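Visitor: In case you want the letters, here they are:
Number of protein chains: 2
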Amino acid sequence: MSFFLKAKRLDFSTGDVPVAVLNEDDAQSFGIRPGDRIELKWKNKSSVLNVDTSQKMVKKGIIGLFEEATDLTKIRSGEVVYFEIFDPPTSIKAIKKKLKGKSLSYHETYSIIRDLIKGHISDKELAFYVASSFTHEMKNKELYNLTKAMVDTGSKLNFKGRLVADKHCVGGLPGNRTTMIIVPIIASLDVDIPKTSSRAITSPAGTADTMEILAPVDLNLKEIKKVVNKYNGCIVWGGSTYIAPADDIIVKLTKKISLEPLSKMIVSVMAKKVAMGIDYLLIDIPYGLTAKLKSLKIAKKIARKFKWLGKKFGIKVVFTILSAKEPVGNGIGPALEARDVLRVLQRKEKRPVDLEKKSLHLAGKLLELCGRAKKNKGETLAKNALKTGRAWQKMKEIIKAQGGDPNIDSEDITVGASRARIFAKKEGKITSVDNRAIDEVARSLGAPHDKLAGLRLHKKLNQKVKKKDKLMTLYGRNKERLNLGKKALKRVDIFTIK
Amino acid sequence: MSFFLKAKRLDFSTGDVPVAVLNEDDAQSFGIRPGDRIELKWKNKSSVLNVDTSQKMVKKGIIGLFEEATDLTKIRSGEVVYFEIFDPPTSIKAIKKKLKGKSLSYHETYSIIRDLIKGHISDKELAFYVASSFTHEMKNKELYNLTKAMVDTGSKLNFKGRLVADKHCVGGLPGNRTTMIIVPIIASLDVDIPKTSSRAITSPAGTADTMEILAPVDLNLKEIKKVVNKYNGCIVWGGSTYIAPADDIIVKLTKKISLEPLSKMIVSVMAKKVAMGIDYLLIDIPYGLTAKLKSLKIAKKIARKFKWLGKKFGIKVVFTILSAKEPVGNGIGPALEARDVLRVLQRKEKRPVDLEKKSLHLAGKLLELCGRAKKNKGETLAKNALKTGRAWQKMKEIIKAQGGDPNIDSEDITVGASRARIFAKKEGKITSVDNRAIDEVARSLGAPHDKLAGLRLHKKLNQKVKKKDKLMTLYGRNKERLNLGKKALKRVDIFTIK
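Heads up: the protein sequence lines correspond to chains A and B, in order.
Residue numbers are given in this note's numbering: position 66 of the first sequence equals residue 66, and the series is strictly consecutive.
Residue numbers are given in this note's numbering: position 136 of the second sequence equals residue 136, and the series is strictly consecutive.
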């Protein structure tokens, strides 16, 4: 059965799901109920849309299209379209199989991922798939199948025979913005490093959020290739590349309940790296009681899975597995982390020493892995690139190539934010720093959506503090937001002072 | 932070999620994005709504309310309301714990179920909870916790010291509409049997769908109590009783992907029975290769879980565990199944013998369980109630008490449907009947939403057929629907003829 209707754009937005609105009488005579899905067809094209109904605001014979639906279809008001009732795709059977705890074949996995990208799998069906796939531990074979399916359903990049390096941090540690220091160092030594980053999932800032302070990050594949071919490196958001696009859809969902299952994380990372044509990959795996990964044991287990997957796809992988007891750098939140990064690159006095040290260690390891430096000499090479200003020069080129202003200075970045200082209430020694509490406070201040929001920590682990010493500065858009941050500080303690 | 806005009713319906629409500029200045949730407050009341945004159709200072939102809040256009950004409830932490494969305490489970009923858990969060809870096998302790939480968050019924019997079928077998025969038999023997039934989840008809052909089924608790106090029995839909209301929300979700995990089923059934104050419960567990439960082993396992749970809640449970190789009765679909039931109660010649026999067996067992009949004499007692017309008389009372027309005759029910006969293409013996194929054909014909839709089987397992013998009759609203049924018959075989 199919039905002809005249399209009418409605300026409503759901933020996600593409919605079509049918008149209630029409819907009834078609046997459709709100919440059902239809396959809209026009000019040999088709899209699957969710149905809302309307008593009068959408008249009989009209199909209203919300913004997401017009974005998807480009249909104009007045165009005649027809539609069919959309039956759940056959891949739903595979999702149900997975829900019963069974393993899926490559073919089944591919069918799910393909239908997901086509928009044929509803958000609820996807939630079932994600929950059943990632809750319990995924087998290696399943990790491989899913990674491959994600790669095979998206675009791929290759750099014409040049060897390509990359780094990745599994995250879960506030600050730790090493990427934006490592990439210019590596690129300045004529090694290609086309870095795609994510936006924050469970943290107050992702590298993409932070880089966005300095330059646009939503480059497409062609633009990425152009920038990397000319300047060796880039720091962009992975979501506008159509590299493993299924991953972005899944991330959007898991973000909604701020949850990132470990096996999903492994698949996400490897799918992007395989599709980007990476040969050498350094993975930073911080662990600690209040980090994303709680123990050395889990960190090592994940490293093993990465290594196994890397081998299957021909990628050489090395790791840094370091205990993480406190943030790396002083700033938390996109603007404050960008300031830390520039302070290091620009060799400012106030630069965070820990961030610089860690970045050099990682850059060194990567240079050794890809044969650019002799064994144990990578760090020296990296340090030199930083000291001589080569890395900062390279970063300016990258900022400019991505469409930003290279004449930026670290101290310009946080101008305009409201601030509140937090002082010590007692004397003692800082015996622990709670990364999760930092996340919570930063998010309550508005990070990562509000780029200026966040906090600057003035103290480090094991330091002694006196009563009324400045512990941290909160940054927010306005006083109300600062108050939300202060409220959060009543619920959780960032520093334990004993 | 809170914001004041003027309400405006919009006549849009999502079928499920309550939606509020904010002007895009307002949303931006509040820091809200489409897809976020807000807590609307007015007159000391509050509701959580999903946010859509609009560029112009909803003006600044206005909050548009979709139908589900006005149904929930009863707010009128022009009323001033205010809202706060809704933070995910703390029970989300419990959902995440479950997602990691850990067991939940009663307190944690209760918090999820309570927030679910309040509308504080989004459909995606619920999908994660359901998928992680029911995918893998639930431990007994968890089954108990969840059942108890569902009971404790809804209404309860008691029948002032009278002993109360009930029967339940785990389903998965087409036809098998024994409830509507057993209830009047039991009730006619002065045993209380307040039967709440479900609508179809994965089948072409639930008992509630079928009973609805004869009388309204959406009675509230007060009405149920009144009917049962006067006539001993009722056959109503469980969804309008506020008995274990969380279950209905979960059913709605699992229905969307036509999936019913076994442990969810056990919890659903027991929660309703506990809250209804049932003392004696007969559970019908059909199993077979194409039934919901595939093997005797699984059937027995589920029986053990039911028994364990029953004991914990003080309910005496017995079972009939029978191999199910074909439907019980001849009709599939609400109207056709109702016709079968009436044919049995009205002692019509065309009545399905198998349905009558099974109903008597079950009724007899239940009469013995609750002490109304001596051992091995229950079936005789039941048969007598049917033969003498007492059961049909009782059914007429129940139909009338629920608001239906007691002067109905079995042969009036399917008048008005379009029909198509299906004939045998070859000679041979029917060696198997595929219950799943029956479901698929019946659903493609429009069951259960279209009550007239379905099929009547003219042959049974092991019967011999000649070429061109009538195998079945398809019933549908119109020719288009009949064609969909015929199409389905090209994909699947109901009868295997060898």
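These are calculated hints, taken from the structure and not from any lab test.
Every value quoted in this text rests on a predicted model; they were computed, and no experiment measured them.
Any given hint might turn out to be false.
Note that identical chains are pooled: a pair holds if it fits in a single copy or bridges any two copies.
[As the list claims (entries may be wrong)] Calculated cross-link-like contacts (lysine-lysine; reagent style DSSO-like; alpha-carbon spacing at most 27 Å):
| id | residue 1 | residue 2 |
| --- | --- | --- |
| 1 | K118 | K100 |
| 2 | K6 | K43 |
| 3 | K96 | K377 |
| 4 | K6 | K479 |
| 5 | K305 | K141 |
| 6 | K60 | K350 |
| 7 | K8 | K118 |
Visitor: Determine for every hint whether it applies to the structure shown.
Guide: How the hints compare with the structure:
1. K118 <-> K100: within (25 Å within a copy, 29 Å between copies)
2. K6 <-> K43: For K6 and K43, only the intra-copy Cα distance (14 Å) is at most 27 Å; the inter-copy one is 42 Å.
3. K96 <-> K377: Classified as neither: same-chain Cα gap 52 Å, cross-chain 44 Å, threshold 27 Å.
4. K6 <-> K479: between (49 Å within a copy, 26 Å between copies)
5. K305 <-> K141: Intra 11 Å, inter 34 Å, cutoff 27 Å: intra-copy only.
6. K60 <-> K350: neither (66 Å within a copy, 45 Å between copies)
7. K8 <-> K118: Within one copy only: 23 Å inside, 35 Å across.
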